[in-house]
Structure formats: C-alpha cells, structure tokens
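Participant: Below, each chain spelled out in residue letters.
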Amino acid sequence: MYTLTAVTKTYRQKKRTVTALAGVDLVIPAGQMVAIQGPTGGGKSTLLQMLGALDRPTSGTVRLGDSELSAAGDHALAAARARDIGFVFQGFNLIPTLTAAENVETAFADGSTPRAERREKARAALASVGLAERADHLPSELSGGQQQRVAIARALVKEPSVLLADEPTGSLDEATRDEIMDLLEGVWRDRGLTVVIVTHDSAVARRAQRRLRIAGGELTELGPAA
Amino acid sequence: MFLTYLLRELSNRRKQTVIIAAGMALAIALVMIVTGVAAGVKNAQSTVLESVYGVGTDVTITQAAEPGADGPGQQFAFGSGDGTATDDGSTEVAQSTLSAARGTATFDSSALTTVEGVDGVSAATATLSLQASTFSGTVPDFSQGGAGGAGADGAPGDGTDAGTQAAPPTGGADGAGGSAFDVDQFSVTGLDPATNAVGPLSSASIVDGRSLTAADAGADVVVLDQTYATSADLAVGDTLAIGGTDFTVVGIVASTSSDAATASDTYVPLDTAQALSGLTDQISDVYVTASSASGVDALKSDLQAALPDATVSTQSDLASSVSGSLSTASDLIGKLGTWLSVAVLAAAFLMAILFTVSGVGRRTREFGTLKAIGWSGSRITRQIAGESLVQGLLGGVVGVAVGLLGILVVNLVAPTLSAAATTQAAGPGAGGPGSAAGGGAGQQVAQATTDVALTVPVTASIVVLAVGLAVVGGLLAGATGGWRASRLRPAEALRSVA
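Chains as they are written, first to last, in my numbering: chain F, 23 to 248; chain P, 9 to 506.
Derived from the structure by calculation, the hints contain no laboratory data. Warning: the hint list may mix true and false statements.
To be verified - Here are a few chain F residues that sit away from chain P, every Cβ distance over 10 Å (derived from the structure): (1) ALA28; (2) ARG38; (3) VAL40; (4) PRO51; (5) GLY53; (6) THR80; (7) GLU90; (8) GLU142; (9) ASP200; (10) VAL209; (11) HIS222; (12) ARG235.
As the list claims (entries may be wrong) - Between beta-carbon pairs, the in silico distance windows are: (13) F:ASP96 - P:ASP325: 57 to 63 Å; (14) F:VAL40 - P:ALA351: 46 to 52 Å; (15) P:VAL350 - F:ASP195: 57 to 63 Å; (16) F:GLY63 - P:VAL350: 48 to 54 Å; (17) P:SER386 - F:HIS159: 28 to 34 Å; (18) P:SER469 - F:ALA138: 39 to 45 Å; (19) F:ARG211 - P:ARG370: 35 to 41 Å.
Computed from a prediction, not measured in an experiment: that's the story for all the values here. Even glycine gets a Cβ: it sits at the ideal position worked out from N, Cα and C.
Based on the sequences and whatever the hints tell you, model everything.
Facilitator: So, in structure tokens, the structure goes:
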C-alpha cells in the first residue's frame, strides 16, 4: 500500500534547521494495522502527514498504491485525501456548528454526491459506530467518546483504503479508549483497511499488527504486537 | 451542505454578522442618500436651467461683451423743450429706451445660419436680449423767485440784495418744489415667433391668451411672463410701452419646469425687437438642440470651430453658472458628500475584510481539518466568500431600507433651495456707472432667480448601485478571507493548533 524511500523532512525553525524525518524507508502492505510510537518531537506526526498526503517530503519519495504523493500537486494531494484516506484526530476536529450527521457529510469533499445519498450514507456511517440516535446532535451535545465516534464515521463514510489516526485516544479515559480501539479494530478487520495509528499509549500500540518507533526522525521496527 | 454550513456559521457568529451587516448598511444608506440628493440637486439645476434656456436646449451660443462696451451706463437726456407743462408750473417728463441688456454682447444674425449648417444640429433659434427702461417724473418750476439765486445753467442771478433769500420754487411732485422720478426697467427678449420648440418659451406654458406665432413677425405684440404681468398689473388686451412704442399684450406665460419666473419679463417678435432697439440683424443668443444627446460635446467643438469668437456652452457648462443655496448644496454633495460616502464605504469594506480575515484565523483548525479530509482550497474559498456575500447582502437590504427611509425624510422635509442661473460673462469693465448688472471683471448677468424644492428621486439605478456595493463589499471580504484560507497548508494548520 505505502512505500516510503529515503524520506527526509526538514523545517526551518528560528534560523535553525530541524530534521523531523531522516531518511525513512518504510513499506506498509495493504490491510495492515500499524502503530507508530515515539517521544514527543520524534517525528510521529510528520510521518503521519507524509502518509496522509498533507505534506511533501524535503527529499525521498512517498507512494500510495500507484500514486507518487511526493511529486503531486496540491489538487492531486487534495483528491488523494478525498478519495483514499480517512483521518481521525486526537481533538476530534468536528465542525462545532454542524450536527453529527452534517459533520459526517463534510467527508464528501468534492460536493458532487447527491444530497439524499449523502445523508443516507452519513446516517449509515453513524449507525455503524453506534450513534444512529445522536445523528442530529451538535458536537457540544456529545461526550468525548461520542465525538470521536463521529470523527471515525466521517473518516469511514467515503470508504477509503487507508485510515490514519493521530492519537485517537489521547483525549479519552481508559474505558472510552478501549471502546474506540475496539471500534477501530473492528473496522480494520471488517473492511480490510490499512490502519496507521500514532500513539503514546503502549496499550493502544499493542493492539496493532506491527509496531514502529520513531525518534530523532529515525524509524525502527519494534516487531509485531505482543 | 454549502447553504447549511453557511447559515450555521452566520447564526453562530451572530455578533460578527450583525457588526459587518450594520457597517455595510450604514455605508450603503449613506451612498444611496448622497447619490439621490446629488441626482435631486442635478434635477433642480436642470429645472433652473430649463427656466432660462428652455427644454431641449443642449447648447447655447453667446458672445462675450468687449470691455467697456456698455459705455457709461443708462442715460436719459432731456432738452429744454421736452416734457409737458402742468397747471402748477412744473413739467412732467418721460422717456423710454430699449437697448441691449447689460453685459450682453450682440452679434450678427448670420451666426444662426452658420449654426444651422453644422452637422449634429437638430434645431436652432436666435434671440435678442434687451433691457427696456422708462424714466418718468415731475420737474418743479424753478423760474419763480429766481432773483439772487442760481440759474438752471449755473450763471449768477441778477438779484440786487445779496442777503435776500430767493423764494422757493413751487409746483413739482409735492407742490412745494420737490421732484419725484420713477425708473422702470424690465427685460425684453426678441425671439423668432415661428419657433417655439427650442428657446426660452419651450419650457413655458400659456396661462392666458396665446403665444407668439409666425403671423406676429414685425407686429407690436408682446407676451408677458406671469410674474411680471402680476407685478405690473397687466392682462391680455392691455397695452405696454416698450422703447416708446405701445405693444398689445396677447398672452401670458409661466414656466412649466418650476414655480419660477421664465427667462424674461416680456417676449416680442425678434424683428420687432431688432428694429425698435436699432440692433438690426443683431442677436445675442443662439439656442441649439443636438441631434444626439451623446454627440453634444462633439457638437460643441464643431460649433466653436465654426464660430471662433463665440462662447459655446453645453448644459453641463451652464450648470456651473447656477448660484445660490442650490449651488452650495451641489458643492456640498459633490465634495463633502462624495468623500464622506467613499470614506464610510471604505471603512465598511475594510471592517468586513478584517472581520473575515480574523474569522479565518480563528477557524484555522476547522479549515485545516476540511483540507485534511479532502476539501479543495477553492471550495473553502467559495464557502467563506458565500458567508461574506450573505453578510454583505444583509447589510445591503438593511442599507436600502435605511436609505429609502432617509430619502423619504428628505422628500417630506423638501428643503427649498434658491438658485440664480447666470449667463453672459462680461469682460473687464463691462457696464458703466449706474448699471444694475454691469461692473467688474468677469461679472455675470443674472437671468432668473428661483426657489426649487429639493426632491430626491428614487431610481432603480440607485437601488442597483446599493445592492451592487453590498455584493462587491461581500465578495471583496470573502475573496480576501478565502485567499487567506486557501493559503493554509493543512499540515501547518493542524500543527498550529496541536
């Protein structure tokens, strides 16, 4: 699914150059569930951004299937995100003025999906994460766990081939964390998605098929989950 | 989704929406009122000009008076045998003159033929502006008790006793040697009686009697302005002495364009006026109607080339000759009003832009998230532009309502503006002592003074202008905010709020 070759990403920060990724080589086969761990500032989020077509490497190549993301233009990257990639964020990142169903509808990014189909799929996605009854509630009327479920529904409604989650349980208590991880694991198993989870939490990482560690921009394989 | 998202955002940020809409509304209302009042003032100027130049006159042609051309001023000379002796020994004297109006230069009537031969002239007519003056009074009998006094010629008398007081004269206006003189002046315009479509009478309506006709050429007939007829207590069928000749009043006219007086007190056939004033084949004004309204400026140039010594003026040139509070209002609207509108409009636009850009800043995570899930920069720009456009349109709707209310208030108050339209810039020194209108350099001669109630027209163009400004303001703010949002890189947007 993903093939990263000698990926380097540097930033200019206060007149000094920061290397977030230093020659990362990585292959993630389709349908694998991968957890990436590491210290803060080690390059986890930067790596996730490369995988999510949110940014381009300073050097090296990033391929998603047949698409060369590192050489793609803004429109092509936006199209790849809209078509192939679902995101789940630590802070849920829901639009506060839209209901749960409307938030899920925003995933139809090109705006070409008919309204009725959009609404039907959004409600079905919410039902699949157990929130059918909360479809018309605003995010402020939902708990943290429910908001993350809405975010997962938003990521899944367009049926992507990849699900990228950045600290998906970072804002949740342990019980809710386990519920969300059960949900993600179920989705992975049922849909055959490629799932990449960035996490500090070893309990979360242990549920993945494969564990990676990134520190100082260098990636190391930790092996399969215990 | 577009509308749902848009409406939710606007209602959620109600305070910002109200502030932007209110600012836009204020600016648009002000622009509407200023534009409307400017149109009203322009209409008022046209009204005043029409009362002077008539309806349909696009161009007028005059000739500047030569310096000192008016000579020493109006003079009346009486010989020793003039006047009529009365029973008490005093003498009644009277004299009428008819001459070119002060500050008015006359020129050869062949200019009219020249004008008619210029391309772009639809119609033309010539007039002769004259001033009729009548001096009348009673001179006492100075011959009584003249011993010891000074004679009328200034020579010493023949009295024997230098200390003897001469007997006072008798007779005169008060019977005790006093004198009383009346000087009556009124304006006379000689015009082609066969042409009423263009010229001073084209904006006049018949109140009584009839207008001049082709059959009146050479006749001693006169049409009076209603205001003058009332003040002079004249009616159709009465007789009015002009330049020593009795004219029969055949009609009374009033201006149709306002409650003002028409351009002249009296109107007589052109050839009669020329003969009576001794200005044979002379005219003072040519009134021209252009074939095409859009060709007036070109016509002016052609006429100026054909008549290099003449002063060729279009209606817009003539508008600058309108003075009085109407002129003050015009200046106020033209300068202060316009700049105030521009300043308020710029402030409203700036406020809308700043609020929108600030809103984009606060919604960085929102737009970063939307980009992360695949929204294109152009879709986000459209969303922001849509929100700003609706805010602008809300302001536009309120602004139109407030603007219409303001215009209604102005129309209910209907402030009265006085105006004097002037023509004929006279050269330095034109006009002599005793001249009512002549005088210093650049002196102009008042042709008509009138009061005009200011009425502000409400036209579709004003409403379209207001709505257009609202749309432009909204789009400007939306485009700026959208441009800012489209430049957000999703990774940086998400990183900045992490």
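Participant: Of the hints given before, which are not true for this structure?
Facilitator: Nothing - there is no hint that the structure violates, so all of them hold.
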